[in-house]
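Take the two lone chains, each set in its own frame, and fit them into one complex as the hints suggest.
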Amino acid sequence: DAKTTQPPSMDCAEGRAANLPCNHSTISGNEYVYWYRQIHSQGPQYIIHGLKNNETNEMASLIITEDRKSSTLILPHATLRDTAVYYCIVRLNHGSGNTGKLIFGQGTTLQVKP
Amino acid sequence: DAGVTQSPTHLIKTRGQQVTLRCSPKSGHDTVSWYQQALGQGPQFIFQYYEEEERQRGNFPDRFSGHQFPNYSSELNVNALLLGDSALYLCASSPQTGPTYEQYFGPGTRLTVT
Chain A
185 DAKTTQPPSM DCAEGRAANL PCNHSTISGN EYVYWYRQIH SQGPQYIIHG LKNNETNEMA
245 SLIITEDRKS STLILPHATL RDTAVYYCIV RLNHGSGNTG KLIFGQGTTL QVKP
Chain B
10 DAGVTQSPTH LIKTRGQQVT LRCSPKSGHD TVSWYQQALG QGPQFIFQYY EEEERQRGNF
70 PDRFSGHQFP NYSSELNVNA LLLGDSALYL CASSPQTGPT YEQYFGPGTR LTVT
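Protein chains in written order, with my numbering: chain A, 185 to 298; chain B, 10 to 123.
Looking at chain B on its own, in the form it has when it is part of the complex (with noise of 0.2 Å):
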């Protein structure tokens, strides 16, 4: 049973470019977080999206976009990248309904802006 997966590992952009960063949850999930991590903190709360909607949202400017498509799976856009969004983006899955809640984090998505 695959977990949570998570595309690119690495990735380099410039200032002002566009980024979009890709996850597909554990099997059975259908729910998706996305948490940016800078180095040295603890992850932050971006949004989820559940039934192909946003359904909370974090402290993140409207650069920052997502989506979730039929199969559960979600992707991050970051448009007009700043040196400041450098940092390690985590997608989590977790069930709407069952006995445990524990969220199901990918490896995570590096990505260093210049």
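Bound conformation, chain A alone (with noise of 0.2 Å):
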């Protein structure tokens, strides 16, 4: 699987948008980009993935450059509550002899303020 780099922390006021970016330079053709994220003291949770057009559901939107080589996760309106860390992870989809199994790194540690 290849690896991911991330900011360790970011910041953003509350009702902006939170642009967070993930660099993925070694994805290969069938690796698929996947966010979670971690509110503290809760397990991780799954937001969004994509494989090369960009990605937009309830919770977030996952815009992938042409290259996939980085991508960006948009949260439109951050609340409070979308202070977490943040994981991007890279992988490949079941159906490709995969079992699934996720390889998180340090993420990024979002802080929203008021």
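Since the hints were made in silico from the structure, they are not lab data. Certain hints may be false.
[Claimed, not checked] Computed footprint of chain B on chain A; a stretch qualifies when at least three of its residues, placed anywhere within it, have a C-beta under 8 Å from a C-beta of chain B:
no., segment
1, 193-202
2, 226-240
[To be verified] Within a straight-line C-alpha distance of at most 35 Å, the following computed DSBU-like cross-link-like pairs (lysine-lysine) qualify:
no., chain 1, residue 1, chain 2, residue 2
3, A, Lys253, A, Lys297
4, A, Lys253, B, Lys35
5, A, Lys187, B, Lys35
6, B, Lys35, A, Lys236
7, B, Lys22, B, Lys35
8, B, Lys22, A, Lys297
9, A, Lys236, A, Lys253
[Said to hold, decoys possible] Covered, in the sense of this in silico footprint (three residues per stretch, anywhere, with C-beta under 8 Å from a C-beta of chain A), are these stretches of chain B:
no., segment
10, 42-51
11, 66-76
12, 112-121
Think of the CB as a built atom: it goes at the ideal place given N, C-alpha and C, for glycine as much as any other residue.
And the structure:
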């Protein structure tokens, strides 16, 4: 699985968009980009994933560059409850001989401030 | 619909003892993965169970073992506890088939070894 690089911490004002970057320059063609977050004292929570196209769901948007070497997770209107550690993970999907295990890095600690 | 549940919530053990942690997967999920999360670190994959067999294992010693039951619930056993085994132990469940492949995490069991 390709490695990812994320800034250790970021701040964001409440109500503003939070843009969390991730570098994955060694990503291979059949690897997906996944984002999870972990709110203090809870288990990680799935946010979104994508292969090459931009994706949006009720929680966030995922923008993947055309060369797929980096991506950005966007929380459009951050709230205090979005304060968490955000993990960017690159992995194969099921059906590719992959068990779906997740390899977590250190993640980005996002602090949303009032 | 109950999500992933884990028991106990907290546990304190002494070095050299043995511990068993339990996990019930989300309804409809048949695959269970276990992760260890040391303080300030991202979760580390221990192993995954499917069809009552260990399908993949991370870089953990044989002191860590597991089991999956016919109802898909799972146990994680750790023998000869070391101080370094103190961590949050997370269980995650996922379906083998279906359109989405995100793993659903439980709240974790906090193990303290003294």
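These are the hints, each one checked on the structure:
no. : hint                  : result
1   : 193-202               : violated (count 0)
2   : 226-240               : holds (count 6)
3   : Lys253(A) - Lys297(A) : holds, 30 Å
4   : Lys253(A) - Lys35(B)  : holds, 34 Å
5   : Lys187(A) - Lys35(B)  : holds, 29 Å
6   : Lys35(B) - Lys236(A)  : holds, 29 Å
7   : Lys22(B) - Lys35(B)   : holds, 28 Å
8   : Lys22(B) - Lys297(A)  : violated, 38 Å
9   : Lys236(A) - Lys253(A) : holds, 10 Å
10  : 42-51                 : holds (count 4)
11  : 66-76                 : violated (count 1)
12  : 112-121               : holds (count 6)
Checked against the numbered hints above, the structure breaks hints 1, 8, 11 and satisfies the rest.
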